[in-house]
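Visitor: Chains as they are written, first to last, in numbering that gives the first Met the number 0: chain A, 0 to 189; chain B, 0 to 189.
Each hint should be verified, as a subset may be incorrect.
[Claimed, not checked] Per label pair, the in silico range of CB-to-CB distance: (1) A:G112 - B:N111: 50 to 60 Å; (2) A:N179 - B:G61: 31 to 41 Å; (3) B:A25 - A:R114: 45 to 55 Å; (4) A:A64 - B:N111: 38 to 48 Å; (5) A:N138 - B:G61: 38 to 48 Å.
These aren't lab readings, by the way, just hints derived from the structure by calculation. Note that the coordinates shown come from a computational prediction; the quantities given were computed from them, not determined experimentally. Heads up, the beta-carbon is just placed ideally off N, CA and C, and yes, glycines get one too.
Protein chains: 2
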Amino acid sequence: MKQMIQENQEVRNGVNVTALTDAMNAIDQDSTLAKFVFRSKNQWLDGGHNRSTIEGFYGVGGEQARETQFVMDADEPMVLLGFDRGANPVEYLLHALAACVTTTAVYHAAANGIRIDEIESRLEGNLDLRGLLGMPGANRNGYEQIKIKMKVKGEASPEKLEEAIRIGQKHSPVFDIVSNGTDIEIQVEK
Amino acid sequence: MKQMIQENQEVRNGVNVTALTDAMNAIDQDSTLAKFVFRSKNQWLDGGHNRSTIEGFYGVGGEQARETQFVMDADEPMVLLGFDRGANPVEYLLHALAACVTTTAVYHAAANGIRIDEIESRLEGNLDLRGLLGMPGANRNGYEQIKIKMKVKGEASPEKLEEAIRIGQKHSPVFDIVSNGTDIEIQVEK
Numbered sequence: 000m001k002q003m004i005q006e007n008q009e010v011r012n013g014v015n016v017t018a019l020t021d022a023m024n025a026i027d028q029d030s031t032l033a034k035f036v037f038r039s040k041n042q043w044l045d046g047g048h049n050r051s052t053i054e055g056f057y058g059v060g061g062e063q064a065r066e067t068q069f070v071m072d073a074d075e076p077m078v079l080l081g082f083d084r085g086a087n088p089v090e091y092l093l094h095a096l097a098a099c100v101t102t103t104a105v106y107h108a109a110a111n112g113i114r115i116d117e118i119e120s121r122l123e124g125n126l127d128l129r130g131l132l133g134m135p136g137a138n139r140n141g142y143e144q145i146k147i148k149m150k151v152k153g154e155a156s157p158e159k160l161e162e163a164i165r166i167g168q169k170h171s172p173v174f175d176i177v178s179n180g181t182d183i184e185i186q187v188e189k
Numbered sequence: 000m001k002q003m004i005q006e007n008q009e010v011r012n013g014v015n016v017t018a019l020t021d022a023m024n025a026i027d028q029d030s031t032l033a034k035f036v037f038r039s040k041n042q043w044l045d046g047g048h049n050r051s052t053i054e055g056f057y058g059v060g061g062e063q064a065r066e067t068q069f070v071m072d073a074d075e076p077m078v079l080l081g082f083d084r085g086a087n088p089v090e091y092l093l094h095a096l097a098a099c100v101t102t103t104a105v106y107h108a109a110a111n112g113i114r115i116d117e118i119e120s121r122l123e124g125n126l127d128l129r130g131l132l133g134m135p136g137a138n139r140n141g142y143e144q145i146k147i148k149m150k151v152k153g154e155a156s157p158e159k160l161e162e163a164i165r166i167g168q169k170h171s172p173v174f175d176i177v178s179n180g181t182d183i184e185i186q187v188e189k
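All chains, please: the whole structure from these sequences, using the hints.
Guide: See the structure below:
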């Protein structure tokens with residue numbers, strides 16, 4: 000399904016608000032349209048180097064193909080015994096989080112009539128490598144905390160713009176996953 | 000700090016096991032070397048399109064620069080009102096998870112003397128879009144569950160190879176973050 004913006008449609012923040020409203024009305028009539036399944040494949044290459052490919056997904060009641068295949072490489076930096084052939088997994092997680100809060104904020108702002116001109120965020124997460132290494136002493140294996148500083152500019156009061164970010168935070172799927180956790184099942188095929 | 004593999008060093012699965020053992024011994028003497036801070040910056044571009052850049056980080060007792068800057072674009076597919084200029088945030092999260100479990104498994108297998116020849120994984124996560132849209136009816140905003148199917152081949156029994164994956168799962172930072180959740184603080188600058 001292609002997205003084409005027609006002359007009589009309202010577009011704000013690059014989001015087709017008319018199509019968004021239509022989609023919400025359709026989901027309101029048939030909630031199965033809201034069921035999505037996203038997928039990825041990953042192949043180990045060498046050491047800390049591995050590659051994911053992402054293509055189709057399920058949603059809006061059926062399989063959705065893409066014209067593009069997305070390929071992303073992960074590796075570790077030199078001091079973590081990799082060769083810097085890509086960002087590392089915990090850095091990709093920061094990207095997923097920033098991207099999701101941003102997109103969710105922008106879509107809701109579009110629907111709420113708020114024009115956004117700029118959003119920038121800086122993230123950091125701290126961890127103790129002893130967790131990954133299986134050595135005693137770390138509080139946990141993953142990030143102990145993630146801090147995000149966001150700057151937002153647009154055609155609304157600072158309070159309204161901050162509220163737009165908080166709405167993004169509230170509804171963002173990745174923010175929910177990373178702050179609350181989710182069930183992961185790993186099946187090893189023999 | 001560059002990683003150079005010397006002739007007398009043991010390398011397994013592409014991991015310099017001698018350097019790994021040296022690093023663990025150094026951390027054992029001085030646990031501050033295990034403190035890492037990873038960072039990313041994200042800039043909103045348009046609609047569901049935004050871009051992260053990743054460069055330096057803190058670790059091994061100091062700031063670590065990289066020769067490379069990693070740039071990654073997120074967008075939404077057409078049916079989610081984007082223009083497919085990149086994988087979407089929840090897909091990046093699947094990549095981060097697969098990459099981390101894989102790398103952690105490979106590093107520990109290297110340290111434990113297990114030769115890995117191949118790891119492939121297929122991931123899927125299901126979510127109800129009503130959460131993101133702020134509509135009632137969804138159990139949550141993020142993935143309800145993530146399923147991972149992993150294939151592993153190497154020079155060990157199927158039981159030992161499955162154990163290698165379980166060790167990866169047990170020590171992986173992203174597995175910990177995504178299964179248990181972590182504290183996120185968002186500060187909006189005015």
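Visitor: Could you run down the list of hints and mark each one as holding or not?
Guide: Hints, one by one, checked against the model:
For the pair G112 of chain A and N111 of chain B, the supplied restraint of 50 to 60 Å holds, since their beta-carbon distance comes to about 58 Å. Here the CB-CB span from N179 of chain A to G61 of chain B is close to 34 Å, well matched to the stated 31 to 41 Å. At roughly 52 Å, the beta carbons of A25 of chain B and R114 of chain A sit within the given window of 45 to 55 Å. Evaluation of the 38 to 48 Å hint for A64 of chain A and N111 of chain B yields a pass: the beta carbon distance comes to about 41 Å.
The beta-carbon spacing between N138 of chain A and G61 of chain B, approximately 22 Å, falls outside the hinted interval of 38 to 48 Å.
Violated hint: 5 only; the structure is consistent with all others.
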